[in-house]
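The primary structure of each chain is shown beneath.
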Amino acid sequence: MKHLLTKNFFRAVLLINALTVLLPVFFLFNSALRETNDFARNPLVLARKPYWANFKQVWADGSFAIYLKNSLIVTGGSLLLILVCAIGAGFVLGRYNFKGQNLIIGFVLTGMLIPAKLAILPLFIQLKWMHLLNSHLGLILVYTAGALPAAIFIMSGFFRALPADLDNAARIDGASEGQLLRRVLVPLVKPGLAIVAIYSAIPIWNDFFLPLVFLQDPEKKTIMQGLTAFFGEYQSQWGALFAGLTLAALPLIVLYLLLSEQFIKGLTAGAVKG
Amino acid sequence: MAKSGIKKEQNRFTWLLLTPGILLIVVFTSIPAFTTLSYSFFNWTGFTRGTFAGIENFQKLFTFPFREQFLSALRHNTLVFIGIYLIQTAGGIFLAYSLYQLRRGQRFFRTVAFFPVIFSLVIVGYMWQSLLNPFNGPINILISKLGIDSGSLLWLGDTKTALPTMVFINLWRWVGFPTIIFLAGLNAINTEYLEAARIDGASDSQIFRKIMFPLLAPSMTIVSVLTFIGAFEWFDLPFILGGSNGNPEGAADTLALMFYRLSFGSADSIANQIGVGSALGVVIFVIVGVGASFGAKILRSREVEG
Chain A
97 MKHLLTKNFF RAVLLINALT VLLPVFFLFN SALRETNDFA RNPLVLARKP YWANFKQVWA
157 DGSFAIYLKN SLIVTGGSLL LILVCAIGAG FVLGRYNFKG QNLIIGFVLT GMLIPAKLAI
217 LPLFIQLKWM HLLNSHLGLI LVYTAGALPA AIFIMSGFFR ALPADLDNAA RIDGASEGQL
277 LRRVLVPLVK PGLAIVAIYS AIPIWNDFFL PLVFLQDPEK KTIMQGLTAF FGEYQSQWGA
337 LFAGLTLAAL PLIVLYLLLS EQFIKGLTAG AVKG
Chain B
16 MAKSGIKKEQ NRFTWLLLTP GILLIVVFTS IPAFTTLSYS FFNWTGFTRG TFAGIENFQK
76 LFTFPFREQF LSALRHNTLV FIGIYLIQTA GGIFLAYSLY QLRRGQRFFR TVAFFPVIFS
136 LVIVGYMWQS LLNPFNGPIN ILISKLGIDS GSLLWLGDTK TALPTMVFIN LWRWVGFPTI
196 IFLAGLNAIN TEYLEAARID GASDSQIFRK IMFPLLAPSM TIVSVLTFIG AFEWFDLPFI
256 LGGSNGNPEG AADTLALMFY RLSFGSADSI ANQIGVGSAL GVVIFVIVGV GASFGAKILR
316 SREVEG
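Line by line, the protein sequences are chains A and B. Just remember that my numbering sits 96 ahead of the position in the first sequence, which is counted from 1. Just remember that my numbering sits 15 ahead of the position in the second sequence, which is counted from 1.
Read the hints as simulated data drawn from the structure, not as lab findings. We put the CB at the ideal spot given by N, CA and C, even for glycine. There's no promise every hint is true.
Claimed, not checked - Between beta-carbon pairs, the in silico distance windows are:
#, chain 1, residue 1, chain 2, residue 2, range
1, A, L140, B, T60, 46 to 56 Å
2, B, G120, A, F125, 42 to 52 Å
3, A, Q197, B, D173, 32 to 42 Å
4, A, R256, B, F49, 44 to 54 Å
5, B, V42, A, L168, 22 to 32 Å
6, B, L161, A, L111, 40 to 50 Å
7, A, I201, B, L52, 18 to 28 Å
8, B, S316, A, D134, 51 to 61 Å
9, A, A161, B, R122, 49 to 59 Å
10, A, L176, B, L161, 14 to 24 Å
11, A, A257, B, R122, 18 to 28 Å
12, B, G65, A, L205, 48 to 58 Å
13, B, S53, A, N138, 34 to 44 Å
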């Protein structure tokens with residue numbers, strides 16, 4: 097009896113937490129489907145007849161599609177570069193023995209400690225000098241450099257965990273080092289790649305600080321940076337504002353619904369051992 | 016292929032695969048980090064470097080008017096750290112323990128608890144700004160339905176409540192993260208210890224206090240260090256909700272916001288002060304570095320093998 101009581105107590109705690117988490121998001125979605133004047137009269141009413149015109153208005157504005165496209169370019173480009181570099185470096189550090197290896201590992205580990213925000217000024221001037229300011233490529237390179245230390249560290253762990261016999265068997269079969277990596281090992285470290293992908297891509301997609309500093313051209317703005325401009329523009333058009341927020345939030349929400357376990361593992365990678 | 020052939024191929028491969036990544040880290044992380052330090056020792060006009068200034072920029076940072084701003088921002092960062100740390104740690108452990116007790120439904124509640132962590136702070140910030148809108152926000156409407164006058168509750172617009180409100184929003188977004196870390200810590204505890212204690216007649220609360228809590232020390236170290244770093248580099252949420260001046264009236268100003276204003280100018284003064292800004296950057300780096308490693312050392316010393 098007492099046991100049942102405590103179980104229910106904990107269930108109640110989690111239920112209250114779930115409501116605290118979900119109600120604000122529900123309010124956001126609900127308000128996105130209501131006409132502005134209707135919302136202003138009473139914000140706390142269910143959208144019985146969904147008012148899709150808000151989304152049409154946001155989309156017709158045009159800038160939203162551009163922001164989304166830019167975010168896809170920047171996040172996708174960074175992710176590709178991060179994965180390629182982390183597979184290469186992770187493979188070498190995890191499976192080879194060579195002179196200077198510990199030095200490189202030490203360098204990668206210190207790279208994880210440097211907060212990018214505090215190096216923003218020299219980075220700004222350096223990018224200007226390299227003609228990479230106000231460009232997606234510049235942003236991609238900075239994001240990649242920021243995410244790589246952790247990505248290399250995670251990948252080298254996954255490569256190291258594979259049995260050594262694999263390499264020798266492949267080599268005896270005449271595989272070159274490149275074939276060994278591509279055909280044999282990479283398929284086996286896919287769970288690691290998923291973790292690295294989520295760990296690096298989500299913060300890049302969500303970031304607004306680096307675009308704020310590095311991108312001025314409205315045509316180049318990313319979605320989270322664009323959202324701040326959008327908010328100034330549509331100040332009291334509640335319907336459009338909520339529709340814009342919903343649109344910006346939706347991609348990751350859908351991905352999270354499909355891949356929540358990978359998200360939790362990926363985003364806490366580095367903080368949870370094992 | 017001969018053995019030496021493989022060795023040769025491996026050598027070539029090693030540097031071929033390592034170079035791109037290492038080069039990117041050096042050029043876009045290491046060099047800028049070192050340059051920040053050097054910037055603080057020079058005079059600057061706009062984005063042009065002038066003569067060597069010695070420690071003048073650091074002296075300026077600690078005299079009027081920067082000193083007052085610095086101290087007020089530092090105070091806010093400290094309060095934010097204490098507030099977030101206490102509530103988030105206690106809440107995280109409580110939620111993790113609740114999840115741990117559930118066998119059925121654990122996965123669902125865990126997924127929901129972590130949900131806000133995936134949101135961009137831009138979305139979180141604007142969403143809560145509308146929820147807390149003093150005129151037609153649902154929170155104030157609900158409060159007035161309870162018969163309490165909510166007209167005077169300005170939340171983010173009042174200098175007294177702005178900072179605590181931002182701390183609350185930050186908690187909403189982030190408490191799921193330590194929850195998952197503590198849950199992983201609880202799951203890692205050998206259940207034989209717990210069963211042995213139960214057979215010896217220990218109560219649930221005794222088991223938690225005497226066995227589980229001490230064995231959570233490694234998780235505690237990670238959460239504490241991450242919270243410390245996050246709190247002293249706090250930028251996104253106060254910037255989104257109060258702009259670069261830390262509005263209302265600087266009540267939500269932080270060190271990172273001040274660093275941003277000095278680096279890139281603000282609404283009040285377009286002119287930037289790169290020298291003083293870099294000096295502040297170095298100071299923040301020292302606070303975070305010293306605090307985090309000192310804290311980690313103390314916390315690690317109370318970790319026990321589980």
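Open item on the list: Which constraints among the numbered hints does this structure fail? Numbers only, ascending.
Closed with: As far as the earlier hints go, 2, 3, 4, 6, 9, 10, 12 and 13 are violated by this structure, in ascending order.
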